[in-house]
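Q: Produce the entire structure from the sequences given, and follow the hints as far as they go.
Chain order of the listed sequences is A and B. For this note's numbering, count along the first sequence from 1 and bump the result up by 208. For this note's numbering, count along the second sequence from 1 and bump the result up by 208.
Hint data in this document are derived by calculation from the structure and do not stem from the laboratory. Quick caveat: nothing in here was measured; it's all calculated off a predicted structure. Where hints are given, some of them may not hold.
[Unchecked claim] Label pairs and their calculated CB-CB ranges:
| no. | chain 1 | residue 1 | chain 2 | residue 2 | range |
| --- | --- | --- | --- | --- | --- |
| 1 | B | Ala389 | A | Asp225 | 14 to 20 Å |
| 2 | A | Ala389 | B | Glu292 | 25 to 31 Å |
| 3 | A | Ala314 | B | Phe265 | 31 to 37 Å |
| 4 | B | His398 | A | Asp225 | 33 to 39 Å |
| 5 | A | Ala314 | B | Ser288 | 20 to 26 Å |
| 6 | B | Arg249 | A | Ala314 | 38 to 44 Å |
| 7 | B | Asp248 | A | Glu278 | 23 to 29 Å |
| 8 | B | Ser243 | A | Arg318 | 33 to 39 Å |
Where a beta carbon is used, it is the ideal one built from N, C-alpha and C, also for glycine.
Number of protein chains: 2
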Amino acid sequence: MDDRHEPQPSSRDASTDHDVHELIRRRWSPLAFSSQPVADRDLRSVLEAARWGPSCFNEQPWRYIVARREQEAEFARMLSCLVEKNQRWAQAAPVLMLSVARLAFAANDRPNRHALHDVGLATAQLSLQAAALGLGVHQMAGFSPDRARELYAIPDSFEPVAAIALGYPGAPDQLPEDLRARDRGARIRHPQAEFVFAGTWDTPLS
Amino acid sequence: MDDRHEPQPSSRDASTDHDVHELIRRRWSPLAFSSQPVADRDLRSVLEAARWGPSCFNEQPWRYIVARREQEAEFARMLSCLVEKNQRWAQAAPVLMLSVARLAFAANDRPNRHALHDVGLATAQLSLQAAALGLGVHQMAGFSPDRARELYAIPDSFEPVAAIALGYPGAPDQLPEDLRARDRGARIRHPQAEFVFAGTWDTPLS
Numbered sequence: 209m210d211d212r213h214e215p216q217p218s219s220r221d222a223s224t225d226h227d228v229h230e231l232i233r234r235r236w237s238p239l240a241f242s243s244q245p246v247a248d249r250d251l252r253s254v255l256e257a258a259r260w261g262p263s264c265f266n267e268q269p270w271r272y273i274v275a276r277r278e279q280e281a282e283f284a285r286m287l288s289c290l291v292e293k294n295q296r297w298a299q300a301a302p303v304l305m306l307s308v309a310r311l312a313f314a315a316n317d318r319p320n321r322h323a324l325h326d327v328g329l330a331t332a333q334l335s336l337q338a339a340a341l342g343l344g345v346h347q348m349a350g351f352s353p354d355r356a357r358e359l360y361a362i363p364d365s366f367e368p369v370a371a372i373a374l375g376y377p378g379a380p381d382q383l384p385e386d387l388r389a390r391d392r393g394a395r396i397r398h399p400q401a402e403f404v405f406a407g408t409w410d411t412p413l414s
Numbered sequence: 209m210d211d212r213h214e215p216q217p218s219s220r221d222a223s224t225d226h227d228v229h230e231l232i233r234r235r236w237s238p239l240a241f242s243s244q245p246v247a248d249r250d251l252r253s254v255l256e257a258a259r260w261g262p263s264c265f266n267e268q269p270w271r272y273i274v275a276r277r278e279q280e281a282e283f284a285r286m287l288s289c290l291v292e293k294n295q296r297w298a299q300a301a302p303v304l305m306l307s308v309a310r311l312a313f314a315a316n317d318r319p320n321r322h323a324l325h326d327v328g329l330a331t332a333q334l335s336l337q338a339a340a341l342g343l344g345v346h347q348m349a350g351f352s353p354d355r356a357r358e359l360y361a362i363p364d365s366f367e368p369v370a371a372i373a374l375g376y377p378g379a380p381d382q383l384p385e386d387l388r389a390r391d392r393g394a395r396i397r398h399p400q401a402e403f404v405f406a407g408t409w410d411t412p413l414s
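A: Here it is, written out as structure tokens:
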């Protein structure tokens, strides 16, 4: 068995109220990235996981634009799309990506209400494949879709969705001081009673 | 080890071009469901996986309304939200759900551009947890959001996103004849060169 796939219990594991698969328990969004590069085959595996996501009418509305640190100018270009607050930590990640959604169905050009939703489905698979390889993914809403559109000539029929940092989690002490606590802060979620309903709205499933 | 977690190679496994974790390879969207009920603890695990999804500002905009076959009237009510074409097969599933998105941030009521995207992230985790338990998830765009809103008193600030069938995959010969081929048809996806770009739009990552 490939030892990269072995579960590594970590203080970042989710404190679940019910059993979940270790891949889901282990996934989290690091702010601190190590300088270790991501191997080509691992980057392809992560994107392959996105490829096999489900989508409405199998439209596969997701696109990913990738910039690797090794290509310095390309990396700097993508980094420049992020808000300054995110640049501060994401500049250390070995890979940056942008997810992009095709807003209409290819077959008939009608609006796809599920375009962003289905990009979410694909990116979740990407993130869990990253977790399987010991990698971390941190998605950001804090970037400029307009700048991304201009820099990458993204057509009007597509919408830039999220910026994505990918790499091996690093030591929080490499982060600017004000970000360290955020990297290691408690992971919290609403209990199921607040979002799982039955019968009618706001009535918890019993 | 719980034998429900053992990989079961199947003809439905994705034919990937690059290695992916077996959970991602095994996930598919069955049309045929067995009558075997879903245990309470498994349903909770599946929803717990959604709970631990990432989201913009940790907003967790996802809500799920659940109807179990055992509660016949409730089940029929949710089934009535589906378009007839989907009712034909989804009526056999032991669990139906609706995913719903909160469209604005709770903190400041500003529009959340990533609301549906983040529901997708959560539902992908739900689907992979289902796969880990040998269950299948089939999401549907084919339902009436208006009817769902009315039946479940879904507030205007939320949007019904997708209907979800959950259960153990069943034998395709229990399906209406015209649906059998669809349940077992080839699983196809665009190659990475069509959705993974670098440098500029439509230029494949090399």
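Q: Sort out which numbered hints this structure fails and list those numbers smallest first.
A: Of the numbered hints given earlier, those the structure breaks are 1, 2, 5, 7, listed in rising order.
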